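> Chain by chain, the residues:
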Amino acid sequence: MARKLKVWVDHHSCVGNAMCEAIAAKTFRLNGDRQSEVVDPTANTEAEILEAAENCPVSAIFVEDAETGERLFP
Amino acid sequence: MPTAIQDDLFTPDVIANPYAYYGRLRDEDPVHWNRGYELWVITRHDDLVWLTRHHELFSSAVFKNDPRPAYPPIDESDLGLYDYVRNYQGDQFIQHDRPEHLEMRRVMHSYFTPKSMEAWRPFVREAVKDLLDEAEKKGSMDVMRDLATPLPVLVIAEMMGVPKAERPYIRQLAEKLLYIGRGEYDRMKPLTEGMRGMIEYVSPLVDKRKVDPGDDFISVLARGEKQGVFTRHQVLVNTSLLLLAGHETTINLLCNGTLAFTRHPDQWELLKEDPAGRAKQATEECLRYDSPVISIQRIATEDVEMRGKVLRKDDRVRWFISSANRDPEAFPNPETFDIFRHPNQHVAFGSGTHHCLGATLARVEGQEVFKALAERFPNLRAETEELEYQPSITFRSLKALPVTWH
Numbered sequence: 001m002a003r004k005l006k007v008w009v010d011h012h013s014c015v016g017n018a019m020c021e022a023i024a025a026k027t028f029r030l031n032g033d034r035q036s037e038v039v040d041p042t043a044n045t046e047a048e049i050l051e052a053a054e055n056c057p058v059s060a061i062f063v064e065d066a067e068t069g070e071r072l073f074p
Numbered sequence: 001m002p003t004a005i006q007d008d009l010f011t012p013d014v015i016a017n018p019y020a021y022y023g024r025l026r027d028e029d030p031v032h033w034n035r036g037y038e039l040w041v042i043t044r045h046d047d048l049v050w051l052t053r054h055h056e057l058f059s060s061a062v063f064k065n066d067p068r069p070a071y072p073p074i075d076e077s078d079l080g081l082y083d084y085v086r087n088y089q090g091d092q093f094i095q096h097d098r099p100e101h102l103e104m105r106r107v108m109h110s111y112f113t114p115k116s117m118e119a120w121r122p123f124v125r126e127a128v129k130d131l132l133d134e135a136e137k138k139g140s141m142d143v144m145r146d147l148a149t150p151l152p153v154l155v156i157a158e159m160m161g162v163p164k165a166e167r168p169y170i171r172q173l174a175e176k177l178l179y180i181g182r183g184e185y186d187r188m189k190p191l192t193e194g195m196r197g198m199i200e201y202v203s204p205l206v207d208k209r210k211v212d213p214g215d216d217f218i219s220v221l222a223r224g225e226k227q228g229v230f231t232r233h234q235v236l237v238n239t240s241l242l243l244l245a246g247h248e249t250t251i252n253l254l255c256n257g258t259l260a261f262t263r264h265p266d267q268w269e270l271l272k273e274d275p276a277g278r279a280k281q282a283t284e285e286c287l288r289y290d291s292p293v294i295s296i297q298r299i300a301t302e303d304v305e306m307r308g309k310v311l312r313k314d315d316r317v318r319w320f321i322s323s324a325n326r327d328p329e330a331f332p333n334p335e336t337f338d339i340f341r342h343p344n345q346h347v348a349f350g351s352g353t354h355h356c357l358g359a360t361l362a363r364v365e366g367q368e369v370f371k372a373l374a375e376r377f378p379n380l381r382a383e384t385e386e387l388e389y390q391p392s393i394t395f396r397s398l399k400a401l402p403v404t405w406h
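In order, the protein sequence lines correspond to chains A and B. Counted the way our numbering counts, the first sequence spans residues 1 to 74. Counted the way our numbering counts, the second sequence spans residues 1 to 406.
Just so you know, these hints were derived from the structure itself, not from any lab. Just so you know, these numbers come straight off a predicted model, no measurement behind them. No residue lacks a Cβ here, since even glycine has one placed at the ideal position from N, Cα and C. Be aware that one or more of the hints could be misleading.
[To be verified] Across the chosen pairs, the derived CB separations fall in these ranges:
#	chain 1	residue 1	chain 2	residue 2	range
1	A	Ser13	B	Glu335	18 to 26 Å
2	A	Ala47	B	Glu100	54 to 62 Å
3	B	Arg24	A	Glu64	45 to 53 Å
4	B	Pro99	A	Arg3	44 to 52 Å
5	B	Glu28	A	Thr45	46 to 54 Å
6	B	Leu387	A	Ala47	46 to 54 Å
7	A	Asn31	B	Glu134	21 to 29 Å
8	B	His342	A	Arg71	40 to 48 Å
9	B	Ala119	A	Thr68	40 to 48 Å
10	A	Asn31	B	Pro99	17 to 25 Å
11	A	Val39	B	Thr404	50 to 58 Å
Build the full structure now, drawing on both the sequences and the hints.
Now the structure itself:
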């Protein structure tokens with residue numbers, strides 16, 4: 001069973017590049033300000049979510065293990 | 001009664017100090033119709049962020065979608081050359097909209113992640129050291145010629161696997177490509193020479209990488225052709241684009257930032273107190289205060305209302321980074337160069353789906369240069385206050401920046 005993730009986007013940094021949405025479309029969606037929001041951190045695989053975080057050009061995506069608090073990205 | 005706003009964007013005054021002219025527009029008429037060039041001039045920070053994040057309303061396929069002739073006007077006998085320019089520019093990935101833009105960008109995107117660019121920092125640091133060793137021996141330098149130009153050319157050439165001996169030739173071609181943002185009546189000739197030269201130069205490199213790929217960046221693009229995302233012409237044009245974009249804008253960051261420090265000794269003192277700790281924030285302020293790119297254009301895809309004015313479908317829309325980054329609504333004391341500025345949500349790299357692909361690389365190069373200058377040349381100062389800029393509305397490019405440190 002996949003571990004539970006805590007995923008969030010820093011809106012001071014997010015520039016709405018939308019690469020996260022392209023890579024993990026079920027997890028990230030642009031809001032009315034065209035910034036990324038996490039809609040469901042269980043909807044994509046951990047690998048897809050980490051790929052989305054790594055491809056954020058301004059490193060605005062943070063990923064942690066929801067149970068242990070271990071930082072998975074960055 | 002206020003004087004009317006003149007619409008020539010290439011006068012010596014506007015080129016020397018774009019901040020006064022576009023600042024006035026930002027205050028008095030932030031969505032301004034420039035009659036001379038038939039284009040909208042957008043100058044406020046929030047408008048610029050909104051516009052760049054609504055890519056479906058503002059097409060980046062400027063050369064393909066703009067039905068009007070070149071501006072400023074060109075010689076009639078050069079219209080054939082202008083067609084060549086449109087065709088060349090039109091194949092750049094940045095001149096595409098979704099869905100094609102996303103598909104093309106994805107081919108290259110993973111090469112440019114913050115993490116993979118960070119891995120280039122030791123290479124950049126070593127290159128800066130070598131260039132400053134040379135400068136130290138001479139006792140003075142032209143920051144443009146001796147540091148700001150060779151460093152990013154070296155880095156991007158290394159990424160592309162361009163042999164050392166051929167780098168000056170790349171720079172020669174790049175200088176011709178810069179005519180794209182300029183206003184000279186006869187600019188099509190040097191511009192197309194640069195474009196044809198680039199295509200000829202990169203063609204055999206792409207052929208080679210297609211059969212024998214490596215981990216260099218041209219191999220990444222060649223793979224895009226194999227995957228059917230790019231045509232051969234697109235691979236050639238985008239290789240040239242990245243060779244140019246990979247260094248031209250960084251040159252301006254390094255020169256304009258160094259100039260800002262020589263003009264603000266108090267900020268230079270602050271950087272010198274802790275170069276390694278403060279270079280990151282200082283680089284962000286350099287990007288905001290005297291941005292490498294002045295403006296970028298889009299084409300409206302439908303009628304759009306902004307601040308009570310209607311931008312019609314197919315209208316040219318030009319957004320000005322230089323004025324948005326000095327917008328008092330977005331930055332307290334915007335005319336002050338303040339390396340501790342926080343938050344600093346500048347738009348030097350644009351925003352939205354077209355946010356600069358090479359932003360992290362530019363940041364790494366800026367941080368390493370400002371840090372090294374502060375550590376090695378504490379008495380750095382400009383040799384002259386009389387500086388000249390290239391006559392461009394796209395790039396904020398100094399012609400030279402002589403400095404000394406004795």
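> So, for every hint listed, does it hold in this structure?
Checked hints:
no.	hint	in the structure
1	A:Ser13 to B:Glu335: 18 to 26 Å	25 Å, holds
2	A:Ala47 to B:Glu100: 54 to 62 Å	26 Å, violated
3	B:Arg24 to A:Glu64: 45 to 53 Å	48 Å, holds
4	B:Pro99 to A:Arg3: 44 to 52 Å	33 Å, violated
5	B:Glu28 to A:Thr45: 46 to 54 Å	53 Å, holds
6	B:Leu387 to A:Ala47: 46 to 54 Å	51 Å, holds
7	A:Asn31 to B:Glu134: 21 to 29 Å	50 Å, violated
8	B:His342 to A:Arg71: 40 to 48 Å	23 Å, violated
9	B:Ala119 to A:Thr68: 40 to 48 Å	28 Å, violated
10	A:Asn31 to B:Pro99: 17 to 25 Å	21 Å, holds
11	A:Val39 to B:Thr404: 50 to 58 Å	57 Å, holds
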